[in-house]
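Participant: With the hints as your guide, set chain B onto chain A.
Given next are the chains, with one letter for each unit.
2 protein chains.
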Amino acid sequence: MRIGVLGTGRVGQALAGKLVSLGHDVKMGSRTAGNEKAKSWASGAGAKASEGTFADSAGFGELVINATGGHASLAALQIAGADNLRGKVLLDVANAIAPDSGFPPELFVCNTDSLAEQIQRAFPDARVVKSLNTVNLSVMVDPGTIPGDHVLFLSGDDQDAKTQVSGLLGSFGWPAERILDLGGIASARGPEMYLALWIRMLPIFGPNINIELRRRAS
Amino acid sequence: MRIGVLGTGRVGQALAGKLVSLGHDVKMGSRTAGNEKAKSWASGAGAKASEGTFADSAGFGELVINATGGHASLAALQIAGADNLRGKVLLDVANAIAPDSGFPPELFVCNTDSLAEQIQRAFPDARVVKSLNTVNLSVMVDPGTIPGDHVLFLSGDDQDAKTQVSGLLGSFGWPAERILDLGGIASARGPEMYLALWIRMLPIFGPNINIELRRRAS
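Residue numbers (this note's numbering), protein chains in the order written: chain A, 1 to 218; chain B, 1001 to 1218.
Think of the hints as simulated: they come from the structure by calculation, not from any bench. A couple of the hints might just be wrong.
As the list claims (entries may be wrong) - Straight-line Cα separation of at most 25 Å, SDA-like style, residue types lysine to any residue; simulated pairs:
id, chain 1, residue 1, chain 2, residue 2
1, A, LYS48, A, ALA33
2, B, LYS1018, A, ALA217
3, A, LYS18, B, LYS1018
4, A, LYS48, B, ALA1217
5, A, LYS18, B, ARG1214
6, B, LYS1018, A, ARG216
7, A, LYS18, A, GLY206
8, A, LYS18, B, ALA1217
Claimed, not checked - Not everything, but these chain B residues come out facing chain A in the computed CB check (under 7 Å):
id, residue
9, PRO1105
10, LEU1107
11, ASN1208
12, ILE1211
Said to hold, decoys possible - Cβ-Cβ distance ranges computed for the label pairs, FRET-style:
id, chain 1, residue 1, chain 2, residue 2, range
13, B, PRO1175, A, ASP149, 13 to 23 Å
14, B, ALA1055, A, ALA122, 45 to 55 Å
15, A, MET1, B, ILE1204, 52 to 62 Å
16, A, GLY46, B, PRO1175, 24 to 34 Å
All C-beta atoms in this analysis are idealised placements derived from N, C-alpha and C, irrespective of residue type, glycine included.
Chain A on its own, in the form it takes in the complex (with noise of 0.2 Å):
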């Protein structure tokens, strides 16, 4: 699969180098095509591994996967042009992190509202989906360094859509009946604001962390 990452840190690092290990084709975007830490990733990951603007990347990837700064996204993706995203899978895994609000961070939008709301309204012909924003880099692409049946969650309008990044997830190894589905994309409020409760236990725990759903035996 070809596969669009925006955002060359090292959430957008870890991901792309995923996917590449798994065989899809990855372009990943910047701001600017010859991005230093873009180039610098492109040409340590082989020949499926590949850079160019935000608008390059959208435009190449059939599913397109928003991995830049919570507070830059919306102007990445305005960059990244809403003819290169439309109809095609976004893959939302950004928090709404408000810049310069120190430790632990505040965010710019929640409660009543969502960064990945604010994508899909921004980009209607889009079909957006979030998740995997509730963990660290190295837990999202390598689950299984964490023991137990720790979850992730997705939220998204398109079922179709949810289905897709459900078996890329699979694929990074989240098994299906660990990925639990919140409902629509306003949804996302929950596992966004989750960010508030996950980055206190930061500095307690490492950032190696995730939650295991328990349950009353029924």
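Facilitator: The following block gives chain B in isolation, referenced to the frame of chain A:
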């Protein structure tokens, strides 16, 4: 121990009942003495149970529990009176659910502030501890009903107050190693915002759920 439980709803009744069963003297508080739900509870709960106004309950308790609805908590505590709370541990279990915000509900405070912080600011001489708000009332008082090492969170500025609350939670069945101290009272923003995720799991998995923290083996 003498404990004041503010609130006559299902959470207040569950906590008050558990506390009486553990041998504590419990006075349930409501807006007006002789509240029907409080009277009914007290008459059915034995000699260690009584009821009165918020002020009666707070004055009675060596430890006070805020089990009122989050939107009504500050008003209830004002009626209870700062003098009746001075120096006491005030365990806040409420969630900041905005009334009439539909389902899933919105929070009336989050992200840059929390209900627990609002309470601590309004009653600087009380020793506010936030806990228990991340689980349903039946899980609060009977954690063994759910399998696994699922956790609670603890936030508060006063370490001794948190130790006292941990002991009380231990008597409910919560082992100390499953009560995660997140830090000062501002850390309550995390567990309070987790409600947005919990409430979206509710229709799917029911109320008798909780999360276990999973960590990479070191």
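Participant: If you test the structure against every hint from before, which numbers come out violated?
Facilitator: Checked against the structure, the hints that fail are numbers 3, 4, 9, 15 and 16, while the rest are satisfied.
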